[in-house]
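Chemist: Those protein sequences? They're chains A and B, same order as listed.
The numbers in this note's numbering rise by one with no breaks, and the one at position 23 of the first sequence is 28.
The numbers in this note's numbering rise by one with no breaks, and the one at position 102 of the second sequence is 297.
Be a bit skeptical, because a hint or two may be false.
In silico BS3-like pairs for lysine-lysine, Cα to Cα no more than 30 Å straight-line [as the list claims (entries may be wrong)]:
no.: 1; chain 1: A; residue 1: Lys8; chain 2: A; residue 2: Lys18
no.: 2; chain 1: B; residue 1: Lys268; chain 2: A; residue 2: Lys75
no.: 3; chain 1: B; residue 1: Lys293; chain 2: A; residue 2: Lys62
no.: 4; chain 1: A; residue 1: Lys8; chain 2: B; residue 2: Lys211
no.: 5; chain 1: B; residue 1: Lys211; chain 2: A; residue 2: Lys18
None of these hints come from the bench; they were simulated from the model.
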Amino acid sequence: DVKVTQSSRYLVKRTGEKVFLECVQDMDHENMFWYRQDPGLGLRLIYFSYDVKMKEKGDIPEGYSVSREKKERFSLILESASTNQTSMYLCASSSRTAQGNTIYFGEGSWLTVV
Amino acid sequence: AQKITQTQPGMFVQEKEAVTLDCTYDTSDQSYGLFWYKQPSSGEMIFLIYQGSYDEQNATEGRYSLNFQKARKSANLVISASQLGDSAMYFCAIRRDKIIFGKGTRLHILP
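Input sequences plus hints: build the corresponding full structure.
Modeler: Laid out in structure tokens, this is it:
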């Protein structure tokens with residue numbers, strides 16, 4: 006069974022802390038994505054990656070960075086967490102080989118910054 | 196740049212009725228894919244249906260069909276014979292290189 010796993014389901018962090026959100030997929034997918042989801046705003050793309058060590062900015066990259074040292078793992082980093090980064094974060098992956106391939110999502114990470 | 200617009204923030208529909216959820220998109224690309232996802236209150240994203248820009252037939256998956264009108268840049272989701280379990284958020288998305296989602300429509304099915 007294909008799977009995208011996000012390491013933490015619920016996190017509470019303090020303002021200014023460095024936060025790591027980890028995502029691992031077991032489908033050998035080239036593409037991986039990080040989104041944040043907020044009420045009324047839908048899913049907004051933060052960063053995506055087409056390959057190992059490769060990253061591209063999405064629509065809202067400010068305040069975030071990413072790391073992809075291995076094909077199966079894509080990490081989202083909040084260098085100095087702020088309260089406006091309280092949100093639900095979704096990781097996703099897909100194959101590059103066909104446009105129609107399904108995008109697989111993790112279960113989401115609920116982050117609260119206090 | 197790609198853009199997805201879902202104009203219905205929320206909808207209320209009687210059980211067993213058909214539902215149409217609107218989605219329009221904007222892209223300058225000729226080759227792209229359109230997706231619909233369902234997100235129940237549990238938060239998981241469930242893939243419903245896919246339409247390729249070169250597909251001539253409208254996609255169908257069980258009770259779901261995608262009404263694809265390329266000239267209008269429209270990709271509406273039609274749910275036939277709605278059920279209580281269809282109550283959820285529904286997201287339309289477009290894929291070229293990156294995948295962009297709309298803001299979603301909250302669908303409520305009334306018994």
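Chemist: Confirm or reject each hint.
Modeler: Going through the hints against the structure:
Restraint check for Lys8/A and Lys18/A: satisfied, since their Cα atoms lie roughly 27 Å apart, inside the 30 Å limit. Between Lys268/B and Lys75/A, the direct Cα distance comes to roughly 37 Å. Violation of the 30 Å bound is thereby established for this hinted pair. For the hint pairing Lys293/B with Lys62/A, the CA-to-CA distance comes to about 10 Å; that is within 30 Å, so the pair holds. Proximity of Lys8/A to Lys211/B is assessed by CA-CA distance (about 33 Å); at most 30 Å being required, the pair is judged violated.
With a C-alpha separation of about 45 Å, the suggested pairing of Lys211/B with Lys18/A is violated against the 30 Å cut-off.
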